[in-house]
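Given the sequences, and given the hints that come with them, work out the whole structure.
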Amino acid sequence: MGEKSFAPGRILVYLVVWLIAAAYLVPFAVVVLNSLRTAEEIAQTSMIGWPKQWAWNNYPTAWADFCVAQTCAGIRPYMLNSALVTIPATVVSTLLGSIAGYAVSLWRFRGDRWIYGIVTLGIFLPQQMRLLPWTIVLRDIGLINTLTGLVLIHTIQGLSFTVLFCRNYYIAIPQELIRAARIDGAGFYRIFWRIVLPLSPPILIVTVIWQFTHIWNEFLYGVTFTTGQQQPVTAALIALSAAVADIPQHGVQSAAVIIAALPTLLVYLLGGKYFVRGLTAGAVK
Amino acid sequence: MSALSLANVHKRFGAIEVLKGINLEMGSGEFTVLVGPSGCGKSSLLNIIAGLERQSSGSVEIGGRIVDDIAPKDRNIAMVFQSYALYPSMTVRQNITFGMECRNVPRAQRDEAVARVAKLLQIDALLDRKPGQLSGGQRQRVAMGRALVRDPLLFLFDEPLSNLDAQLRAEMRMEIKQLHQRLGSTIVYVTHDQIEAMTLATRIAVMRQGVVQQFADPETVYNRPANLFVARFMGAPPMNTLSARLEATSGKTVAVIGRGEAAMRFPVPAAAESFIGREVVLGIRPESIAEPTRHFSDAPGSVLTVTAAVEMIEPTGAETIVVLRVGDERALGRVSPDLQPRLGETARFAIDTRKINLFDPTSGDRIA
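The listed protein sequences derive, respectively, from chains C and U. For the first sequence, the working numbering assigns the number 1 to the initial residue and increments by one for each residue that follows. For the second sequence, the working numbering assigns the number 1 to the initial residue and increments by one for each residue that follows.
Calculated directly from the structure, the hints in this document are not laboratory data. Some clues are possibly wrong.
[Unchecked claim] Quick list of the computed label-pair ranges, beta carbon to beta carbon:
1) U:Val211 - C:Pro133: 55 to 63 angstroms
2) U:Ala7 - C:Ala172: 34 to 42 angstroms
3) C:Leu132 - U:Arg129: 52 to 60 angstroms
4) C:Pro201 - U:Arg129: 14 to 22 angstroms
5) U:Arg330 - C:Gly111: 32 to 40 angstroms
6) U:Arg354 - C:Arg108: 48 to 56 angstroms
7) U:His10 - C:Gln127: 49 to 57 angstroms
8) U:Arg278 - C:Arg110: 52 to 60 angstroms
9) U:Pro315 - C:Pro201: 54 to 62 angstroms
10) C:Ile118 - U:His10: 33 to 41 angstroms
[What the hints assert, rightly or not] Sample of chain C residues with no beta-carbon within 12 angstroms of chain U, all distances over it, derived:
11) Tyr116
12) Ala239
13) Ala242
Positions of the beta carbon are idealized from the N, C-alpha and C atoms, including for glycine.
Here it is as structure tokens:
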């Protein structure tokens, strides 16, 4: 890049960029500020305002004491539920997507394009459309209202994305590499572990971030298929906001929202640069 | 026992037939080069020998064993690829030993094999580097090391030098030749470069559109090409091919180019006499046309001196290529650089008539 210029065009670009950023950041700032205000203060003044006195204990209350649907243990158990769903579903869907992406990109076989097409079709099916089939499946295999059921849903649905990501990355790996390994005597899985997987960190990081944020933030399946103590944190937040009290507990609720958002925020902050790099790059050589 | 034998190998992709019945026999220790323009099927044939592709029909035999249903890894072959295909995440040492690792060869034996190959190819110092840290020539050596370490019945090379610059290519070409002479390995080598074919091969298979045009030693392919395609494909600049008429003059067969006063008459072998009175194509290599002082041979009557107009001159340094008007056509000659023929003037040139080939103009096949 050359030296900075302040041409009118550039100023306009920055203006638009800042406006877009503000559209995202202002609501976030309101929630952060409210998480540090007392319920009384919010009720007496307005939803938007600088804290008059810092209500730090909103956070410990939201974490461990607040009552959600007759249980007064804060959002901690629901955070644990979310972790128990998100981590296995992310790991398994990424690993399976990687193997499947490798198979359809580097091992040509009859019908490989069809399989790839059908798997990635899942990306374009609206979530609501899949709700009923999943209800039937979960009922029949006895996984309604279990975390395992949610893990199953997210693993399988995640495959559409993970296969797409990995296949598009692996397609850049030269075929000759696979041929050389076949002559060397390596089979399908050895080639995967020894040759393809060591080339994969950039795309695996992208896939993990994508899967983690989507599964963690997912609400519809969580609220549909689980109740009470089995709910992931996204569903529990709704139950929490429905808690009846003398005055609306906006302060504690805001703190709970922030806590619930922390894991995805951390994942993005830690891996964000790989995310952008991995989505745009994709070359192996 | 032949090291490799191909019997009536066909390959079809849908309606397109890329190999139309290939029959080749290669002896042990032979360096066979498959050469031809792109799309002639030479790479498909190599992949079929390797087992990476399956032939539509026909049979492949390696070391006396039919391998049609045998996986690439069990065919006792090693292959060097055009892109080298080094495993990017492994060190040079791991690249070389990967095949042995897959076959559970004990570590001591692996180390011994790596040491032997590294010494042979002078890559000792590179063993702990990754392919990304190597130059093109070094990668090429490692790729060869990976093949050599296997000590297979058959080596397959798929255009291994085409990614190198001209100078390095010439160097590596010599090294491959030396390696073959030292180790006596059996090699099938695919290239589109006719110079590589000439310099490396003990036998050349010239391919075109899925058919082997000629399978012979380089000398024969060059001097006695089986047909016009081979004649024009091998050699740079290519062989001159001129329209001529066969006539019988006082019991001898001669090829006549041009008419009347300017007609040139070339003595040709008696084998061509069945074409007397018909049109033929006369083929002569540029190096068989030179300045009149050139000594081609002591054989009486083998050198003919003609007069021709010089239309163009291309000095290359080592020699000068002249474009001559012969009848209604043009022919290239290669003369000494000391000679400075003038454009547009006529000059005398010597022609080595022993090197004349005659071709049937309809089929393109060689007559004599």
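Status of each hint after checking the structure:
For the pair Val211 of chain U and Pro133 of chain C, the beta carbons lie near 56 angstroms from each other, so the given range of 55 to 63 angstroms is met. Taken as a hint, the range 34 to 42 angstroms holds for the pair Ala7 of chain U and Ala172 of chain C, whose Cβ atoms sit roughly 38 angstroms apart. Separated by about 57 angstroms at the C-beta atoms, Leu132 of chain C and Arg129 of chain U satisfy the suggested range of 52 to 60 angstroms. In this structure the hint that Pro201 of chain C and Arg129 of chain U lie 14 to 22 angstroms apart at CB holds, the actual value being about 20 angstroms.
For the pair Arg330 of chain U and Gly111 of chain C, the supplied restraint of 32 to 40 angstroms is violated, since their beta-carbon distance comes to about 56 angstroms. As the Cβ distance of Arg354 of chain U to Arg108 of chain C is approximately 53 angstroms, the hint placing it in 48 to 56 angstroms holds. The beta-carbon spacing between His10 of chain U and Gln127 of chain C, approximately 52 angstroms, falls within the hinted interval of 49 to 57 angstroms. Separation of Arg278 of chain U from Arg110 of chain C is about 54 angstroms and conforms to the stated range, judged on CB atoms against 52 to 60 angstroms.
Checking the proposed 54 to 62 angstroms range against Pro315 of chain U and Pro201 of chain C shows it holds: the Cβ atoms sit about 56 angstroms from each other. Look at Ile118 of chain C against His10 of chain U: about 34 angstroms separates their beta carbons, and that is inside 33 to 41 angstroms. With a minimum CB-CB distance of about 21 angstroms to chain U, Tyr116 of chain C clears the 12 angstroms threshold, and the non-interface call stands. For Ala239 of chain C, the condition that its CB be more than 12 angstroms from all CB atoms of chain U holds, with the nearest at approximately 48 angstroms.
For Ala242 of chain C, the non-interface assignment is confirmed: its Cβ lies about 52 angstroms from the closest Cβ of chain U, beyond the 12 angstroms cut-off.
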